[in-house]
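Take the sequences, apply the hints, and build the full model.
2 protein chains.
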Amino acid sequence: MAGRVTRARDVTVAEIGEDALVSRLVGLLPSTGRGVVAGPGDDCAVLRPGRSGWYDLFKTDCIVEGVHFLRETKPEKIGWKAMARVVSDIAAMGGLPGSAVVTLLLPPDWPVAAAEGIYRGIAKVARIFGVNVVGGETSAAAQAMLSVSMTGRVERDHCVLRSGGRAGDVLFVTGRLGGSLKGKHLTFEPRLAEARWLAEKWKPRAMMDLSDGLAKDLPRLAEASGVGFQVDPDTVPRTRGCTLAEALGDGEDYELLLAMASNVAGELEKAWKRKFSRLPLTRIGRLCPVVEKSTPLEGSGWEHFRK
Amino acid sequence: MAGRVTRARDVTVAEIGEDALVSRLVGLLPSTGRGVVAGPGDDCAVLRPGRSGWYDLFKTDCIVEGVHFLRETKPEKIGWKAMARVVSDIAAMGGLPGSAVVTLLLPPDWPVAAAEGIYRGIAKVARIFGVNVVGGETSAAAQAMLSVSMTGRVERDHCVLRSGGRAGDVLFVTGRLGGSLKGKHLTFEPRLAEARWLAEKWKPRAMMDLSDGLAKDLPRLAEASGVGFQVDPDTVPRTRGCTLAEALGDGEDYELLLAMASNVAGELEKAWKRKFSRLPLTRIGRLCPVVEKSTPLEGSGWEHFRK
Chain A
276 MAGRVTRARD
286 VTVAEIGEDA
296 LVSRLVGLLP
306 STGRGVVAGP
316 GDDCAVLRPG
326 RSGWYDLFKT
336 DCIVEGVHFL
346 RETKPEKIGW
356 KAMARVVSDI
366 AAMGGLPGSA
376 VVTLLLPPDW
386 PVAAAEGIYR
396 GIAKVARIFG
406 VNVVGGETSA
416 AAQAMLSVSM
426 TGRVERDHCV
436 LRSGGRAGDV
446 LFVTGRLGGS
456 LKGKHLTFEP
466 RLAEARWLAE
476 KWKPRAMMDL
486 SDGLAKDLPR
496 LAEASGVGFQ
506 VDPDTVPRTR
516 GCTLAEALGD
526 GEDYELLLAM
536 ASNVAGELEK
546 AWKRKFSRLP
556 LTRIGRLCPV
566 VEKSTPLEGS
576 GWEHFRK
Chain B
276 MAGRVTRARD
286 VTVAEIGEDA
296 LVSRLVGLLP
306 STGRGVVAGP
316 GDDCAVLRPG
326 RSGWYDLFKT
336 DCIVEGVHFL
346 RETKPEKIGW
356 KAMARVVSDI
366 AAMGGLPGSA
376 VVTLLLPPDW
386 PVAAAEGIYR
396 GIAKVARIFG
406 VNVVGGETSA
416 AAQAMLSVSM
426 TGRVERDHCV
436 LRSGGRAGDV
446 LFVTGRLGGS
456 LKGKHLTFEP
466 RLAEARWLAE
476 KWKPRAMMDL
486 SDGLAKDLPR
496 LAEASGVGFQ
506 VDPDTVPRTR
516 GCTLAEALGD
526 GEDYELLLAM
536 ASNVAGELEK
546 AWKRKFSRLP
556 LTRIGRLCPV
566 VEKSTPLEGS
576 GWEHFRK
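As they're listed, the protein sequences go chains A and B. For the first sequence, the working numbering gives the first residue as 276, with consecutive numbering after it. For the second sequence, the working numbering gives the first residue as 276, with consecutive numbering after it.
Keep in mind the hints are simulated off the structure, nothing from the lab. Some hints here could point you the wrong way.
Pairs count within a copy or across copies, as identical chains cannot be separated in the list.
Straight-line alpha carbon distances no greater than 25 Å define the calculated SDA-like cross-link-like pairs of lysine to any residue that follow [stated by the list, open to error]:
1) K459 <-> T413
2) K352 <-> Q418
3) K476 <-> L303
4) K349 <-> S414
5) K399 <-> K478
Structure, rendered in C-alpha cells:
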C-alpha cells in the first residue's frame with residue numbers, strides 16, 4: 276500500500292514522540308459511556324459499576340526486549356517486572372489488584388526454560404500481591420515482549436486520581452529516585468501496602484507511580500490537576516551514587532508521588548515514620564497556581580519513541 | 276547469562292509447540308481463588324462476583340506483524356482485526372463486551388498516519404459492538420504488535436463454556452470455513468448477535484469461536500468436554516473455492532462452533548433460518564464417547580511457534 280511506505284513528508288512516530296502520539300490516538304476513540312469515571316490518562320482506568328461502593332480498575336502495560344529488559348535478563352526478573360509494574364499502577368489509585376491476563380511473545384528459538392522462568396516471576400508477584408492470573412496468549416515474534424492487563428478495585432471513597440491536586444498541596448515521594456538500571460527496575464517492590472495505607476488513612480489529593488522519571492511524571496500530575504509545581508532540587512531523595520539528573524530522569528523508580536493537603540503534611544510525616552520506618556517519605560516541593568509554574572526539571576525522563 | 280543461551284540440549288519453544296508450552300506455563304501459576312469460574316483454557320476467563328446474577332469475563336489477545344498481519348496491511352484493518360478477535364471470544368461465551376485496553380508496539384519509523392489508521396479500526400469495532408476503550412500503552416519495538424484485553428459480562432444462566440458438551444450432542448458451525456487469508460481474516464464480523472441469541476434462547480451445551488481452524492479447535496472443545504467427536508467431512512461448509520483441507524486448517528474463520536442437545540437440533544435449524552437467513556448454520560457431526568473417537572481431521576490448523 277503506497278500510503279504505508281514512509282515518504283519524506285510522512286511524520287513518523289519517533290518524530291512526534293510518545294505523548295503527542297498517545298494524545299492523537301486517544302482523540303480518535305469514541306467517547307466512553309457514563310460507566311467510565313477515568314479513561315486513558317491516569318494510572319488506571321476507573322469504571323463503575325463495580326460492586327456496591329467500589330470502582331473497578333483496569334490497566335495494561337507491556338515490557339519489550341531491548342527497551343525494558345535484555346535478552347540476558349534473568350527470566351524470573353522479566354516476569355516480576357511486567358506484573359509488578361501493573362500492581363504499582365493499581366496501587367497508585369489506592370486500589371487492590373484482582374485478575375490478570377498475560378501475553379508473551381517469544382522468538383521461536385528461545386528455550387522453554389526461559390519461558391518457564393518468566394512465568395515463575397509472574398507467579399511470584401501473583402502470590403505475594405494476591406493476583407489471579409486467569410488467562411494468557413502466546414505468539415512467535417522477532418523480539419520478546421510481555422504484556423500484562425489487570426483488573427482491580429478500590430472503594431469509591433479511597434480512589435485517588437492524578438487530577439485532584441490543588442495549589443498549595445505538599446508534594447511527597449516515597450523511597451529514593453534514580454539508578455534503576457543498576458538493577459532496581461527488575462526487582463522493585465510495588466508500594467501496594469503503602470498506597471493502601473495512604474488512601475485509607477490520609478486521602479492524598481493526587482497520587483501516581485513514577486515510571487518515566489520525576490521530570491516527566493510530575494508535570495503530568497500537575498497538568499491533570501490544572502496547577503503548576505515547584506520542587507526544591509536539593510530535597511529530591513537520590514539513590515546512593517546518583518546525580519540529581521539521574522534521580523529526575525532515569526525513570527522506572529516505581530515509587531509513589533503524592534500531593535497532600537498542606538495542613539496534614541506534618542502529621543503524615545510523623546505517622547509514616549512509625550508505620551514504614553525503612554522506607555523514606557520525602558517532602559520535595561508543592562503544587563502552585565499555573566502562573567507561578569517554574570523549576571523546569573533537569574533530566575528528561577523516559578520517552579519511548581525518541582530514545 | 277549462560278542459562279539463557281540456547282544450548283544443543285535446550286528445548287526451544289518452537290520444538291515443543293504452542294499447546295505444550297501453554298500447558299507448561301499455566302502449570303507454574305498459583306491456583307486461582309474461588310472467584311474464578313473458568314481460568315486459562317476457555318475462550319475467556321469467567322469470574323465472579325460480577326454484578327448480581329452475572330459473571331465477569333476477561334480476555335486478552337494479540338496480533339503480530341508478519342504472523343497475523345503484514346506491514347502492507349491497511350492500518351484500519353489491523354485495528355479492526357485485533358479488537359474483533361476479542362469481541363468474538365466474548366461472544367463465544369454468550370457474553371457482551373464491556374471495556375478494553377490496547378497495547379500498540381510500533382517500529383519508530385512507522386508513519387503517525389498508520390498508527391492513527393489502526394486506532395480508527397479499533398474505534399470502529401468499539402462503536403459497532405459497544406466497547407469502551409479505557410486505556411492503552413505504546414512502546415517502540417522492532418515489529419508492530421497490537422494487543423487487546425477486554426472485560427465483558429454474561430448472565431450466569433447464559434454462560435456457555437467449552438466443557439459442557441456431551442456424547443450425542445450435535446455439532447454445528449456458523450458461516451463457511453477456509454480461505455481466510457484471501458481477506459476474511461481482516462474483515463470478519465464477530466458473531467456477537469448470533470451467539471447472544473443462541474445463548475439466550477437455545478442454551479448450547481458448549482461453544483467456542485474458530486480461530487485456529489476446525490481441525491485444531493474441535494479437538495479442544497471435545498477434550499474440554501471429556502468426549503470424542505465424529506465429523507462428516509462432506510458436510511463441512513467451505514468458503515467458495517476452498518478445499519476441505521483449507522476449510523479445516525486455514526484458521527482465522529471466527530465462526531462459532533457449538534454442541535447442541537440432539538433433541539433440539541432440528542428445531543434450532545428452522546429457527547436459525549428465520550432469524551439469520553443470510554448466514555448458514557450447518558450440522559457437521561456429533562460428539563461421541565471417547566472410545567469411539569475417530570475421524571482425525573485433515574488439515575493441521577494453526578500452530579504459532581511451529582509455522
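Each hint, compared with the structure:
1. K459 <-> T413: Classified as between; 22 Å across copies, 27 Å inside a copy.
2. K352 <-> Q418: both (17 Å within a copy, 23 Å between copies)
3. K476 <-> L303: Close neither inside one copy (39 Å) nor across copies (37 Å); limit 25 Å.
4. K349 <-> S414: The answer is both: 20 Å in one copy and 22 Å across copies each meet 25 Å.
5. K399 <-> K478: The answer is neither: 30 Å in one copy and 39 Å across copies each exceed 25 Å.
Hint check: violations occur at hints 3, 5; the rest are consistent with the structure.
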